[in-house]
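J.: Mind assembling these two chains? They're in different frames, but the hints should get you there.
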Amino acid sequence: MAFRRSDPAATADAELVASLRAGDETAFVALAGRHQASMLRLASTFVPSTAIAEEVVQDTWVAVLRGIDGFDGRASFKTWLLAILVNRAKSTGISEARSTATGDAGPAVDRSRFDPGGAWASPPRHWIEESEDRLLARGLRTRLESALRRLPSRQRAVVILRDVDGLTSEEVCRVLELSAVNQRVLLHRARGHLRAAVEEFVEA
Amino acid sequence: MRLLPRQAPLACQEVVELVTDYLEGSLPRGERRRLEAHLADCPHCTEYLAQMRATIRLTGRLEPDDLSAEMREDLGEVYRRWRDAR
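Residue numbers (this note's numbering), protein chains in the order written: chain A, 1 to 204; chain B, 1 to 86.
Think of the hints as simulated: they come from the structure by calculation, not from any bench. Nothing here was measured: the structure is a model prediction, and the numbers come from that model. Backbone N, C-alpha and C fix where the C-beta goes; we use that ideal spot for every residue, glycine too. A few of these clues could be false.
As the list claims (entries may be wrong) - Far from chain A by the CB rule (all over 10 Å, computed), these chain B residues: (1) Gln7; (2) Pro28; (3) Arg29; (4) Gly30; (5) Arg32; (6) Arg33; (7) Ala37; (8) Ala40; (9) Glu47; (10) Val78.
As the list claims (entries may be wrong) - Derived, one-sided and incomplete: chain A residues facing chain B with beta-carbon distance under 10 Å: (11) Gly23; (12) Phe28; (13) Val109; (14) Pro124; (15) Ile128; (16) Asp133.
Said to hold, decoys possible - Here's a subset of chain A near chain B, in silico, CB distances under 7 Å, partners left out: (17) Val17; (18) Val62; (19) Pro123; (20) Asp163; (21) Leu194.
The shape of chain B in the complex, shown without the other chains (with noise of 0.2 Å):
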């Protein structure tokens, strides 16, 4: 006996607004277990997740900035002041 009734399978314009929630294990495992479905059969949503991951990665490797020499100087004397004072 099914307690449950199957659920439609998704479409792959919902697949895409569950990318992040799956991404970040916090869909419920039914819903999970849909949309691993549909990815297993969609090479579409599957190059989504792809390009998904790959956008996180190349976002990571975003340059800081450095340190102006001004801010330096400023910063140092923040710290002095506050040595100083202790």
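With the rest of the complex left out, here is chain A (with noise of 0.2 Å):
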């Protein structure tokens, strides 16, 4: 969507990055863990363990302050941060190998479940009868992580920050440098993945 909502925790970030430019020690570690899940996510998409996640995430708090002077408060504090951090993840050299279109093609649902004619053959059951937080207690949270991991890098990196972190499109395309179009062609891969992997779970 092309606006942005008001945001308490782009605020609460605000203040932080204020507290931290002063001095404040706790300020900056309490923004790191704040921004802590939503960036080793977002490396992972680029690198090959989690042990090089970590040091990309590092990397990441050594740019963020060397440069905190010059970030003016024009984006939200997690864009620039994430934009940051796609370019510290980058500069490892092992990523371009991994955000090759592969695996980014291929139709949201299977074909086998349309006739002929493109009318769904076997089409989807009502699901949502339980309670959202009930189906996450009992394993979908566990199964939605795994179809998470499973995604081509780039799907998962684009739905992450959206549907994850919640970025805008906008921001999203900012940070991971794509084209307007080329956002929604893997987020909606992606999330045709992960309805599928809840239909799957659901259905079991």
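T.: Right under this line is the structure:
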């Protein structure tokens, strides 16, 4: 969506940034804690191991501190931070092989579920009878996490930023240097895979 | 007089490929109308759209992992080095 929602998280970030500039170490560690999960998730779409992802996160904080006086607050802190992270991750040099388009093609729903005219032959069954809380608690959370890990890296990066971290499409394009059309294609594939994973879980 | 030829109704298989563009608000108006006309008549695609929205909500509830003690320590050091060099 084109409009930025008023965002309490962004306000909290801005306050922590002000404190860390003033020399408050606790504020810095708190800021790092708030973004740790997002950063690790995103970093691991570029590099092959958690250990390297953690190094990328750490490098990013070094770069953030070095550049903090140049941060003007026009973009949200999170967008700025994640763009630095993507830069750091790419500069490890192992990312390019993983960011090719392989696996980004293919239909959102398997062709076999439609008849030759393109109508549903095996339509989606009505699921969400059970509350989403209960579904997550009885194993869907783990299932979704693993479906997320299996996505091709570019799809994973886009859907993490959009649907887990709640960035806008414009912010995602900026962080990952994608066109609006590519962002949508990758998001579409990723969400299609995740929906299928939920379907499989609910119907099992 | 009709300026554009009437377009064939969308098939379900086409609808599922348009769902993200629809949710993103990026479908041209004509196409959005065709899609909405299809949804009005097709409970299966309506269900599919509801599932897609549910999936987005569910994905949004994956929880962040906490900062490990080791990471906290390392970052504290990174910070102190920066602060002292300022």
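J.: Against which earlier hints does the structure fall short, listed by number upward?
T.: 9, 10 and 17
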